[in-house]
Amino acid sequence: MKFFKMLQYDLRQSFLEKPSKWLLVVLLSAFLFLRFTVDVYQYFLLELPGYLQIDPLSISFADVLLETVGGDFPYRGGDQQFTVPAAWLFVYMFCFYFTLSYARDDMARGGIQVVTRVRSKTMWWVSKCVWNALTVTCYFALLYGVLFALTWCTGKNPDFTVNARIFDAYFAYPLPSLERSQLAMCIALCVLPWLAAVAMSLVQMTLLLFIRPAFAYVFTGMWLVVGAYYANELILPNYAAGVRSITVGIYGFRPEVGVILSLAFILPSVFAGIVALRKKDMLPVQ
Amino acid sequence: MVIELQSVVKQFGPDTVLDRISLTLRSGVVYGFQGINGSGKTMLMRLISGLIYPTSGTVLIDGTPKTGQNNFPESMGLLIETPSFVPGQTGFENLRMLAGIKGKISDPEVEHALERVGLDPHDRRKYRKYSLGMKQRLGIACAIMERPDLLILDEPVNALDEDGIALVKQIVREEKERGALVLLSCHDFESLSEMSDVIFRLVAGKITRKTVKRNGTFVEESV
Numbered sequence: 001m002k003f004f005k006m007l008q009y010d011l012r013q014s015f016l017e018k019p020s021k022w023l024l025v026v027l028l029s030a031f032l033f034l035r036f037t038v039d040v041y042q043y044f045l046l047e048l049p050g051y052l053q054i055d056p057l058s059i060s061f062a063d064v065l066l067e068t069v070g071g072d073f074p075y076r077g078g079d080q081q082f083t084v085p086a087a088w089l090f091v092y093m094f095c096f097y098f099t100l101s102y103a104r105d106d107m108a109r110g111g112i113q114v115v116t117r118v119r120s121k122t123m124w125w126v127s128k129c130v131w132n133a134l135t136v137t138c139y140f141a142l143l144y145g146v147l148f149a150l151t152w153c154t155g156k157n158p159d160f161t162v163n164a165r166i167f168d169a170y171f172a173y174p175l176p177s178l179e180r181s182q183l184a185m186c187i188a189l190c191v192l193p194w195l196a197a198v199a200m201s202l203v204q205m206t207l208l209l210f211i212r213p214a215f216a217y218v219f220t221g222m223w224l225v226v227g228a229y230y231a232n233e234l235i236l237p238n239y240a241a242g243v244r245s246i247t248v249g250i251y252g253f254r255p256e257v258g259v260i261l262s263l264a265f266i267l268p269s270v271f272a273g274i275v276a277l278r279k280k281d282m283l284p285v286q
Numbered sequence: 001m002v003i004e005l006q007s008v009v010k011q012f013g014p015d016t017v018l019d020r021i022s023l024t025l026r027s028g029v030v031y032g033f034q035g036i037n038g039s040g041k042t043m044l045m046r047l048i049s050g051l052i053y054p055t056s057g058t059v060l061i062d063g064t065p066k067t068g069q070n071n072f073p074e075s076m077g078l079l080i081e082t083p084s085f086v087p088g089q090t091g092f093e094n095l096r097m098l099a100g101i102k103g104k105i106s107d108p109e110v111e112h113a114l115e116r117v118g119l120d121p122h123d124r125r126k127y128r129k130y131s132l133g134m135k136q137r138l139g140i141a142c143a144i145m146e147r148p149d150l151l152i153l154d155e156p157v158n159a160l161d162e163d164g165i166a167l168v169k170q171i172v173r174e175e176k177e178r179g180a181l182v183l184l185s186c187h188d189f190e191s192l193s194e195m196s197d198v199i200f201r202l203v204a205g206k207i208t209r210k211t212v213k214r215n216g217t218f219v220e221e222s223v
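As given, the protein sequences belong to chains A and B, one line each in that order.
Letter by letter, the first sequence follows residues 1 to 286 in my numbering.
Letter by letter, the second sequence follows residues 1 to 223 in my numbering.
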């Protein structure tokens, strides 16, 4: 009971206190959708007039996700010039900004009243972990929700069928012809990016117990960039880029490994925080 | 309740903020801590409240040493530095939410705590609209509402006008009569001496003087 009261406090304090920040997520999602729409029509209607007309109904929610938050291919060597997928990076860094400083600030502010009543730093930390995961979940739910709503409202196909021509145009790579189930695509494009984000956000929050917020934020950013550069099954951000999923078929990142890897970061983060707080002072940020 | 500090030291890197402090504090007595900024008053209160750990030495509450897992006193009201609450809620909503964690007191008791500090429990203004003095009063109400055995008030008269200071003095008197162990810190020696039974002077993390009130006047005792 005490735990839920504490969680209720966390949600009130940070979740509902500044609703305007959620509006920013809506605006970001709308901007990403608009950018995608402009890009597609510019490419197919202006650059290739009369050659490759795209029927709006053949553009799907999966295309929107792949080209807005799906990331990009890693560095493949040779003449290829590596560019960080800016929109993808921004989506994640914006999310991690949401969860950056609350726990640390609360440790020296209102959280004092809560933790001394609950008399357990462990409970305080677990509440922050749940709050963190809920915040990331809401962020992604809103992001996907807005993208889905705009996909549907603009007469596009609200499912997970990938359009090969758009894929080819965007990634300059042919889409392998594979059987892709709707569920597998949903896991690759929605579930795994969310789960990887929860894991990275929790690692960031745990780091805040030891280092300054700016350093933790830079660390998370570097982690994403390293993931964008290297295709490696053990680098978590690879699972945050849906385009690299085995379901899409170009890279072999398996969802089950993504889930295990995410849990391998989530659980130790929770545990590390519990252990660290046993000896850590609750003080204002100096 | 008896709180014992046995040769407690607190260091942050090379800085010693509390230096071999040994004290015994008992229920029904008001203890005042006096000292300039940075003398260690707030750190001592944080340490007693369980928010920080001693680098060495022991803190015992009723004979039980405080450890990593059992660090917070069971019944404690706390005001440390500037109070902080949920800005989008009223004073009553904030206190009701905090009181709900322990579930020891009812809504009328929360209202009573607000009235004791001179705040209107039915005031619909959000905390963010409160003046500094109102925030301080709300912090005090939060500390006293659950009738704690240990009441820690760090700079309780900060930002308060004369009426507010008089209210704090009355509250401290009432809490003492109830049998609470009260710890106070204050810049203003006059206010502190009016409220306290025993005053400790802190200089650079050390207790340099202890004065005890006897028949209305303070008598110096060995530290």
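Keep in mind that the hints were calculated from the coordinates and are not lab data.
Any given hint might turn out to be false.
Computed list of chain A residues with no C-beta within reach of chain B, every gap over 10 Å [unchecked claim]:
(1) M6
(2) L16
(3) V38
(4) Y43
(5) G110
(6) I112
(7) T116
(8) A149
(9) L207
(10) G249
(11) P268
No farther apart than 30 Å at their CA atoms in a straight line, the calculated lysine-lysine pairs in the DSSO-like style are these [stated by the list, open to error]:
(12) K2(A) to K102(B)
(13) K135(B) to K104(B)
(14) K104(B) to K176(B)
(15) K104(B) to K210(B)
(16) K2(A) to K213(B)
(17) K18(A) to K176(B)
(18) K18(A) to K169(B)
Backbone N, C-alpha and C define an ideal beta-carbon position, used for all residues, glycine too.
- Message: Run the distance test for K135(B) versus K104(B): straight-line Cα separation, threshold 30 Å.
- Response: This hinted pair holds, its Cα atoms lying about 23 Å apart.
- Message: Using Cβ atoms and 10 Å as the threshold, tell me whether L16(A) really stays out of contact range of chain B.
- Response: violated (7 Å)
- Non-interface claim for P268(A) versus chain B (Cβ beyond 10 Å): holds (20 Å)
- Task: Mind verifying the non-interface call on T116(A)? Its CB should be farther than 10 Å from each CB in chain B.
- Result: Answer for T116(A): violated, closest chain B Cβ roughly 5 Å.
- Task: Over 10 Å to the closest beta carbon of chain B is the bar; see if V38(A) clears it.
- Result: About 38 Å separates V38(A) from the closest Cβ of chain B, which puts it past 10 Å; holds.
- Consistency of the no-contact label for L207(A), given chain B and a CB cut of 10 Å: holds (20 Å)
- Do the alpha carbons of K18(A) and K176(B) lie within 30 Å of each other, as the hint requires? violated (41 Å)
- For the pair we were handed, K2(A) and K213(B), check the Cα-Cα distance against 30 Å. Distance of about 41 Å is beyond 30 Å: violated.
- Item | Proposed proximity, K102(B) with K2(A) (alpha carbon, max 30 Å) | Holds: K2(A) and K102(B) sit about 7 Å apart, inside 30 Å.
- 10 Å cut-off, C-beta based - M6(A) kept clear of every residue in chain B: violated (7 Å)
- Query: Does K210(B) lie within 30 Å of K104(B) when you go C-alpha to C-alpha?
  - Reply: violated (36 Å)
- Message: A cut-off of 10 Å on Cβ-Cβ distance, and I112(A) was said to be off the interface with chain B. Does that hold?
- Response: violated (6 Å)
Violated hints, listed in ascending order, are 1, 2, 5, 6, 7, 15, 16, 17, 18; each of the other numbered hints is respected by the structure.
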